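K.L.:
Below, each chain spelled out in residue letters.
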Amino acid sequence: MNTELDQFTNTVTLHQDRVYALALHVLRDSDDAADIAQEAFLRLWRKGQDLSHESVRPWLLRVTHNLCLDHLRRRQRQQRRLGHADHEAIHTLPSNPETTPLPPFPEELNLALATLAPETRSMVVLHYCEGLKLAEIATLLGTSLSAVKVRLHRARKVLRNTLRPSATEENCTQETGT
Amino acid sequence: MTTCPDYQREFAAYKSGELAPETALALAHHLENCPECRREMAATESLATHLPTALAVKAPAGLLPNILAECRGSKAHNRNLKPFLRSAAMGLAAMLAVLVFRTAPLTPSSGSSTPPLTPPARTFTASELGTARRDLAWTLTTTGRVLDRTSLRVIGDIFNRMIPRAISTSLHQALTTNPKGRS
Chain A
130 MNTELDQFTN TVTLHQDRVY ALALHVLRDS DDAADIAQEA FLRLWRKGQD
180 LSHESVRPWL LRVTHNLCLD HLRRRQRQQR RLGHADHEAI HTLPSNPETT
230 PLPPFPEELN LALATLAPET RSMVVLHYCE GLKLAEIATL LGTSLSAVKV
280 RLHRARKVLR NTLRPSATEE NCTQETGT
Chain B
25 MTTCPDYQRE FAAYKSGELA PETALALAHH LENCPECRRE MAATESLATH
75 LPTALAVKAP AGLLPNILAE CRGSKAHNRN LKPFLRSAAM GLAAMLAVLV
125 FRTAPLTPSS GSSTPPLTPP ARTFTASELG TARRDLAWTL TTTGRVLDRT
175 SLRVIGDIFN RMIPRAISTS LHQALTTNPK GRS
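Residue numbers (our numbering), protein chains in the order written: chain A, 130 to 307; chain B, 25 to 207.
Just chain B, with the same shape it has in the complex (with noise of 0.2 Å):
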């Protein structure tokens, strides 16, 4: 710290007291040699001074009770719709879930006559798990983030972190007790 805009850049810590004291020292002694700098720290105080007033405003009068207004609107609208949607994720979430498993292979194997949708139980690989546990978990995050931007932060919950949650857990447990699904 050598040169005086060096020394400038530090006058709003210094005078907020954030300088260590030997940089505050030197910051001091430097003010008292330096017309340039006692100038500049003038204007700073200034500012300081006038700013809060100049800046100062006060929120609508309005604002308090739209706020409540839409607070009292949530407080009903969570009360009512948390339980029945609770449910509704959790059994979402186990439908979900067993249509990973259940549903046919991605690419089915060549020359099989077995339909689509009854493949043997366990065709998936690890990584083909893994792929669509990450796409599922990417599309409901990303709907959720939408809901929450949309205020219905329950709902977003569970697509966040609810839905995920229930699907990872079965996917970690069908891959822990069935060997050939790991890759």
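Same shape as in the complex, but just chain A (with noise of 0.2 Å):
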């Protein structure tokens, strides 16, 4: 009788924690990300039975990162309406999404990856995480093969420092054999 809804808590089960992943490391906030992931389902869940078991991955991870882009451009936005409005307004707000809590990451690597744009993020997490080709992510994103590696060469620059664990060491050693 609710074989669909079977098959369907099975396939949320089995991909919601890297739906969320890359939702969280895009967004960098942790109810966004969590309401992100839910919308991705539910537009899964809408689609029926179009997609095939091996598409629903990529289909995820696409429809995720486009979520999490409009997302993004809503909150620009918002952000610049309020730079009109009056403190008063400001002040009854909800408190800056990007100071939300997130989840214990190294804060080296917590840092340098604030300092990426959301689409390196998102590159980032893709590549290295869900192992994903340059290529795949090319096409996933709708971009080219050259920007794809043009970003993740800069993400790599950013983000090889700060998960070594030796970094702190090796600085301290400097400085007392100065």
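It should be emphasised that the hints constitute simulated quantities derived from the structure, not laboratory data.
Some clues are possibly wrong.
Claimed, not checked - From the structure, some residues in chain B lie toward chain A, with a derived Cβ separation under 8 Å:
(1) Glu34
(2) Glu42
(3) Leu55
(4) Met65
(5) Ala67
(6) Pro76
(7) Val81
(8) Pro84
(9) Leu87
In this text, all values refer to a predicted model and were calculated from it rather than measured experimentally.
We put the beta carbon where it would ideally sit given N, CA and C, even for glycine.
Once you've looked at the hints, go ahead and assemble the two chains, each given alone in its own frame, into the complex.
P.N.:
This is the structure we're talking about:
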């Protein structure tokens, strides 16, 4: 009777972590990420049986990426409007989403990720966490292969020093050595 | 591809085996002779090793129940509304199509004593009809997109596809059966 819903439950269970992770790293806000992940899965549900089993993951990732960018654009528009609003109105609004606590990623990594553009953060997650090839990312996000290469290269330059466990120790050694 | 930055831009593609054989060979040869690029490659490999763990995150426990609750709601909602909405859409489409043909021309001819709502049946030119059709289609599509954003997919479908298609078909038939309508 509920076979369709059972199948969908399995799909959500299988993909929810990756969809949420992508949304979280692009948006950098836990609540917004949960909302976007939910919306992506609801769109999948409404799509019904149109998708084959293999195409579910890329479809979900693409929809999540697009929903995130739409959300960020809306947030930017909202912030621009707030620029003209009076101070009283601003103080009654929720706090800045950027300050919402994120899961405990390494602090250096967190700061480095924040300096990247949302599209680049998306590419980082898709390549390094989802294991997608660069050509697949280009297709998925509707961009060129060279654009993906350039953005990942920039991201690597920013992130390369954040994950070395000995980075701090090296700095200390250099400081004491001089 | 001659400079170190050029090579370094290809590192990710090189590691995932996406480079053409000759490019990959050239890069490998360059790596043998360039300590700077070897360091960069080591950093790339380190990133590839550690990032998946560092960025790993679990979805909140409430996500699945929330999604399923929404699905159950939308399923029941769609099932009840769909037949009614489809009929309503077809009715609305027919009504709009009739209105497009039967209402007064946009600019009634000067000196005409005919009341605006009862002009001769065919006073539209093809370009006027085309403009009206485009405007109407734009309005309906925009409405459909707004409804899509608000999760009312069935209604969104009606505005996005069904009504514009019905109107377009009606107009096409009218233009092909009435040569005066052609400009």
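K.L.:
All the hints need checking, so say for each whether the structure fits it.
P.N.:
Okay, the hints, checked on the actual structure:
1. Glu34: Interface hint status for glutamate 34 of chain B: holds (7 Å vs cutoff 8 Å).
2. Glu42: 6 Å, holds
3. Leu55: Violated, because the Cβ-Cβ distance from leucine 55 of chain B to chain A comes to roughly 16 Å (cut-off 8 Å).
4. Met65: 10 Å, violated
5. Ala67: 4 Å, holds
6. Pro76: Given a least distance of 5 Å, the restraint on proline 76 of chain B holds.
7. Val81: 5 Å, holds
8. Pro84: Holds. Min distance 5 Å.
9. Leu87: At 6 Å from the nearest chain A Cβ, leucine 87 of chain B passes the 8 Å test, so the hint holds.
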